[in-house]
Structures are given as structure tokens and as C-alpha cells.
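**Student:** The opening residue of the sequence shown carries number 1 in our numbering; numbering runs sequentially from there.
Honestly, the hints are just simulated from the structure, not real lab data.
Possibly wrong hints are sitting among the right ones.
Claimed, not checked - In the BS3-like style, the derived pairs of lysine-lysine whose C-alpha atoms are separated by at most 30 Å in a straight line are: (1) Lys68 / Lys80; (2) Lys53 / Lys80; (3) Lys91 / Lys80; (4) Lys82 / Lys68; (5) Lys91 / Lys53; (6) Lys55 / Lys23; (7) Lys55 / Lys91; (8) Lys45 / Lys55; (9) Lys68 / Lys53; (10) Lys82 / Lys55; (11) Lys55 / Lys68; (12) Lys53 / Lys82; (13) Lys73 / Lys45; (14) Lys23 / Lys82; (15) Lys23 / Lys53; (16) Lys45 / Lys68; (17) Lys45 / Lys82; (18) Lys91 / Lys45; (19) Lys80 / Lys45; (20) Lys91 / Lys73; (21) Lys53 / Lys73; (22) Lys55 / Lys73; (23) Lys80 / Lys55; (24) Lys80 / Lys23; (25) Lys45 / Lys23; (26) Lys23 / Lys91; (27) Lys23 / Lys68; (28) Lys23 / Lys73; (29) Lys91 / Lys68.
Said to hold, decoys possible - Each pair of labels, with its calculated beta carbon distance range: (30) Glu63 / Ser11: 32 to 40 Å; (31) Met59 / Asp8: 32 to 40 Å; (32) Lys91 / Ser11: 27 to 35 Å; (33) Lys53 / Asp8: 17 to 25 Å; (34) Asn75 / Val21: 27 to 35 Å; (35) Asn75 / Glu22: 14 to 22 Å; (36) Asp8 / Gly64: 34 to 42 Å; (37) Ser62 / Ser11: 31 to 39 Å; (38) Met56 / Leu13: 17 to 25 Å; (39) Gly64 / Asn26: 16 to 24 Å; (40) Asp8 / Lys82: 16 to 24 Å.
In this text, a Cβ means the ideal position worked out from N, Cα and C, and glycines have one as well.
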Amino acid sequence: MELYVGGDDYSHLFHLSGIVVEKDINTLLVELNDTDGSILLFNEKEISLDCTKCKMDLMEASEGDIIKFYFFKYNIEDGKVKVESIRNIAKRGAASKFAGYSSMMCISR
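Based on the sequences and whatever the hints tell you, model everything.
**Tutor:** Right under this line is the structure:
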């Protein structure tokens, strides 16, 4: 799977999707979407998202929501990711788990 075109891993904004398992003050615990290509970046099924840069986005997320989160590869450390932004794809119960939301993309910086 090609994750980006040109440049290198550290100059692109990646995104993945997952289900919010737990929400804390500045963090989300997310179960990753297996069909996203997340295995290429993470060994874990669940990862912790550090949302200190996107607190307004964090306020919109709830447990059970399907979200898409954006990050730089250099912000991955020991199963925790500092994210740039979060986008709600579906609110809890609004869609079947990960239906139609598989893809891993990156955006050049």
C-alpha cells in the first residue's frame, strides 16, 4: 500500500479511523479500524490519542463514536499518538462498526 507520494514519512499528515473506547480530559483510547492499513504503523489494536492540540475537536467526541484522526508519523511514541485534529465520522449507534470508512491517506505538509 502506498501511503504517500514524494517526500518522506515525516513530511506528510496521515489519517486513520477508529472507535472511541474511552474518553479522558486530554486523551482518547481508540480501537483502530483493521481495514485502514493501521497495521503498517501500529502493532496494537487500541491506541491512545493525545488530543492537547485539538481540545475543541475532543469536546465533540464521545465513547462509541467513529472518528478519523490526523497525525504526523514523528508524533507516534509507544502506542500513543499526538494528533493534529479529529473528525467525527459517525455518532454512537449511527452506523455499523467501520462501515465504509476504510482508507489510510496522507496529506503533504
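**Student:** Now look at each hint and say whether the structure bears it out.
**Tutor:** Verification of the supplied hints:
1. Lys68 / Lys80: holds, 15 Å
2. Lys53 / Lys80: holds, 14 Å
3. Lys91 / Lys80: Since the Cα atoms of Lys91 and Lys80 sit roughly 23 Å apart, the hinted pair holds (cutoff 30 Å).
4. Lys82 / Lys68: Holds: Lys82 and Lys68 sit about 14 Å apart, inside 30 Å.
5. Lys91 / Lys53: At roughly 22 Å apart (the allowed maximum being 30 Å), Lys53 and Lys91 satisfy the hint.
6. Lys55 / Lys23: Satisfied, since the Cα-Cα distance of roughly 12 Å is no more than 30 Å.
7. Lys55 / Lys91: Since the Cα atoms of Lys55 and Lys91 sit roughly 18 Å apart, the hinted pair holds (cutoff 30 Å).
8. Lys45 / Lys55: Distance of about 24 Å is within 30 Å: holds.
9. Lys68 / Lys53: Roughly 15 Å separates the two Cα atoms, so the pair holds.
10. Lys82 / Lys55: holds, 12 Å
11. Lys55 / Lys68: With a Cα-Cα distance of about 15 Å, the restraint between Lys55 and Lys68 holds, given a limit of 30 Å.
12. Lys53 / Lys82: Holds, because 8 Å separates the two Cα atoms, which is no more than 30 Å.
13. Lys73 / Lys45: holds, 17 Å
14. Lys23 / Lys82: holds, 15 Å
15. Lys23 / Lys53: holds, 15 Å
16. Lys45 / Lys68: holds, 15 Å
17. Lys45 / Lys82: Distance ~17 Å between Lys45 and Lys82 Cα, so the pair holds.
18. Lys91 / Lys45: holds, 21 Å
19. Lys80 / Lys45: At roughly 12 Å apart (the allowed maximum being 30 Å), Lys45 and Lys80 satisfy the hint.
20. Lys91 / Lys73: Measuring from Cα to Cα gives roughly 27 Å; hence the hint holds.
21. Lys53 / Lys73: The hint holds at about 15 Å.
22. Lys55 / Lys73: holds, 20 Å
23. Lys80 / Lys55: holds, 16 Å
24. Lys80 / Lys23: holds, 14 Å
25. Lys45 / Lys23: Holds, at about 17 Å.
26. Lys23 / Lys91: Roughly 14 Å between the alpha carbons, so the hint for Lys23 and Lys91 holds.
27. Lys23 / Lys68: holds, 15 Å
28. Lys23 / Lys73: Judged against 30 Å, a Cα distance of about 23 Å means the pair holds.
29. Lys91 / Lys68: Measuring from Cα to Cα gives roughly 12 Å; hence the hint holds.
30. Glu63 / Ser11: 32 to 40 Å: holds, 34 Å
31. Met59 / Asp8: 32 to 40 Å: holds, 33 Å
32. Lys91 / Ser11: 27 to 35 Å: holds, 33 Å
33. Lys53 / Asp8: 17 to 25 Å: holds, 22 Å
34. Asn75 / Val21: 27 to 35 Å: violated, 20 Å
35. Asn75 / Glu22: 14 to 22 Å: holds, 20 Å
36. Asp8 / Gly64: 34 to 42 Å: holds, 36 Å
37. Ser62 / Ser11: 31 to 39 Å: holds, 33 Å
38. Met56 / Leu13: 17 to 25 Å: holds, 18 Å
39. Gly64 / Asn26: 16 to 24 Å: holds, 19 Å
40. Asp8 / Lys82: 16 to 24 Å: holds, 19 Å
Checked against the numbered hints given earlier, the structure breaks only hint 34 and satisfies all the rest.
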